[in-house]
Structures are given as C-alpha cells and as structure tokens.
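Okay, here's what each chain looks like letter by letter:
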Amino acid sequence: MSSPQEVLLRVPAVPEFLRVARITASGLASRVGFSLDEVDDLRLALDELCFTAIGRGLDNEELELRYSTSARTLSINGATLSAANGRPTVGEFSQQILTALVDEHRVWDDNGKNCFSLVKRSPAKPKNRTS
Amino acid sequence: MTFDGAQRIQLREKFVNFSNNRDDGDLRNELIEAHLGLAEYLARRFNNRGEPIDDLVQVASVGLLKAVDRFEPERGVEFSTYATHTIVGELKRHFRDKGWAVRAPRRLQELYLRLGKVIGVLGHELGRSPTVEELAKEAEVSEEDVLGALEAGQAYRFASLDAPALGDDDTDTVGSRFGGDDPGMVSAEHRASLSPLISELSEREQLILQLRFFEGLTQSEIAERLGISQMHVSRLLARSLAQLRQAASEN
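So the sequence lines, in the order shown, correspond to chains A and B. Mapping the first sequence onto my numbering, position 62 (from 1) lands on 62, and the numbers just tick up by one. Mapping the second sequence onto my numbering, position 167 (from 1) lands on 298, and the numbers just tick up by one.
No lab work stands behind these hints: they were computed from the structure. Mixed in with the good hints there might be a few duds.
Listed next, the in silico DSS-like pairs over lysine-lysine satisfying Cα-Cα at most 30 Å (straight line) [claimed, not checked]:
#	chain 1	residue 1	chain 2	residue 2
1	B	145	B	197
2	B	248	A	125
3	A	125	B	197
4	B	197	B	223
5	B	145	B	223
These stretches of chain A come out as covered by chain B in the derived footprint (C-beta under 8 Å, 3 or more residues) [what the hints assert, rightly or not]:
#	stretch
6	15-23
7	32-46
8	59-69
Heads up, incomplete: computed chain B residues facing chain A, CB under 7 Å, no partners named [said to hold, decoys possible]:
#	residue
9	262
10	278
11	360
Where is the CB? At the ideal position from N, CA and C, for every residue including glycine.
Looking at chain A on its own, in the form it has when it is part of the complex (with noise of 0.2 Å):
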C-alpha cells in the first residue's frame, strides 16, 4: 500500500456531517496503521478545520473533502465548492492545537472558497506482541 490512493467526499457544509468526515478519516487512518491516539488526533484536527471552513454551518454549501493515503501518511484536503463564503482564520489556540495533532496543515482563501489540508504521519510502531 505504497502507492497513494484518494477517496472523495462531499457533504453537505453543515456540523452534522462531520461525523462522516470523521469516520472516513479513522477508516482510512486505521488503514494505514495509525494507533489509536493518532486516529483521535486525527479527528480532533479534522474537526478544527472543518469548523473553521464551515463555522457552524453553511446553507447550501458543500464541503469536499479528498483523502489520500501513503504508506503511514494521510492527508486530507477541503474545501467549500462555492465562492464567497468569507475568509477562513486559524485562532492562536486552534494554531497550537492543530500543531500538536498534525504534521502540517494549512488554511487558504481560494478565490472565496474555504480550504485547508492537513497530513498525518504515524511512525513505525514497534513489533506487535510475542503471542
């Protein structure tokens, strides 16, 4: 599973969909062999940027989200689909919480549309138990 491999989302831009994002991000994550902790921060982080894309919903809005997995590497891209939706801004402590959940992220304005990226990568995991 070395090569990388996308799967697409779209979702209606609004909180209640989120949770879809969030299972498609720790099925994909659990995958490529994230523990546990990985797979929360994973979310935690998706979640952050998701809201700061869609704040507490947006009508008629999309949000899309495109998945991509390497080995022991996911990354995630979203953004809203329709232009004008306002810039999106990282807080002081939504910055230092995404710090410490992700190797790297980002959120743009593009044109008026909302995206953000973010990528996790999960270390080797020391050899499973002897039984």
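Keeping the supplied structure of chain A fixed, place chain B upon it in accordance with the hints.
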C-alpha cells in the same frame, strides 16, 4: 407524582367529564397542569443523553397533551399509567428522530464500553497506543465495528455539549489526583489568549488541554497520568474543543 385518595377520585371524575366533552378547554388545561410534574419527572429520566433538559420537558409535555386527549377513563386504567406510556413513547421517538447519541445501536454502545477496557489492557502490554487492527483482533470484532463504536461513544454534537457522554465517570477531580503541587492549570501566557472561554471548562478539562496541546503528551500518556482511560481523555478533549468552539462562535 402522588395524589391523595380524594384528589385521585376528583381527577377521575374530571377525566370522565372531559371524555364526555372534549371541547372543554379549561378542563383540559386543568388536567394537563395537574400532571405536568409527571411529564417533568419522566423527562429527567432521559437526561444526560445529550439533549437539553428544557427540550425534553417540552417533548414530555407534548406526550402529556396526547395522553390527556386520548385517555379513555372507562377502560379502567389509571391515567398516570397510561400517560407514562405515552410520554415515554414520545421521548423515545424524540431521541430516535433527533439524537444520534442515543440512536447509536446498543451493540455499538456496549462495544464502546468493552473497548475501553481492552484499550487499557492492550496499551499496557504493548507499551504504546494500540492500532485499530490490534484492537479489533483483541476484542474479536471487525475494524468497522471498532471505528463505529469509537465514533458512537463520542457522539458529541455541536448544539449540546454539556451532557456527559456514555459511561462517563466524571466524579473524581483533578484536585483529588494531585497533591498540593501545581494543579497544572493552563499556564498564564496561554490562558491570556484563551480566557475567558477556557475558564468555563472544568479544571480537569483545562489540565488535559494543557497537557495535550501545550506540553505535547499523547492521550495515552495523559490517561496514565490522570489515572483515567484513554477513551475518557479522548472524550473530554473532544468535548472541550467543541465547547470552546461553541463559545467562540457565540461571542
């Protein structure tokens, strides 16, 4: 919900009167008001499931209205018995339609509780946080079930964050875990950027935020240090962040 004998007889008569004249609005109100306590009592039994109590009382009251309107005293059933069924039915329907926290299949809820123990045991054996695959193998379930259960256990929702999650054992406090030492509250410099939002969180939640985000401990390490499960740390973190987000968006 207790009425003395005389009241009960009076109410029974009123129900008979009402069943003969369903248009008597005053009588209807009186009967409803006499049983609001029952509605509230039943609503409280569904508390701590992620729905605000006010909403639950509202839902229970709707159930009570239905019960009053449909009750047929000649069938010989006590109104309180009949109303309890109707009200509980209404509350359950509410959760079924709305609250995914409760809607999570019982199987997954139970698995979630079981996984909590497995994570602890396995984590100790491995000396690190187990992977989902290892966890699934140990618990003898599929990886999908593990992921589903973890998500179910953490079904915090944007709108209501104050409800303790499933299986929460929030009774011990940070204070009880630490001696007279630095209680490890979020350090002053960080607190400045976050306050007053963060001060709304419990002391323990503040401590967990500090350890995870400012001192870089993993969830497992925090769990170890506080003597609680990794799952509990996970849940508290998710809840704290959601709460901060909510508070920030309201400001």
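Verification of the supplied hints:
{"no.": "1", "hint": "145/B <-> 197/B", "in the structure": "16 Å, holds"}
{"no.": "2", "hint": "248/B <-> 125/A", "in the structure": "21 Å, holds"}
{"no.": "3", "hint": "125/A <-> 197/B", "in the structure": "59 Å, violated"}
{"no.": "4", "hint": "197/B <-> 223/B", "in the structure": "15 Å, holds"}
{"no.": "5", "hint": "145/B <-> 223/B", "in the structure": "29 Å, holds"}
{"no.": "6", "hint": "15-23", "in the structure": "holds (count 5)"}
{"no.": "7", "hint": "32-46", "in the structure": "holds (count 11)"}
{"no.": "8", "hint": "59-69", "in the structure": "violated (count 0)"}
{"no.": "9", "hint": "262", "in the structure": "5 Å, holds"}
{"no.": "10", "hint": "278", "in the structure": "5 Å, holds"}
{"no.": "11", "hint": "360", "in the structure": "11 Å, violated"}
Violation of the numbered hints given earlier is confined to hints 3, 8, 11; the remaining hints are satisfied by the structure.
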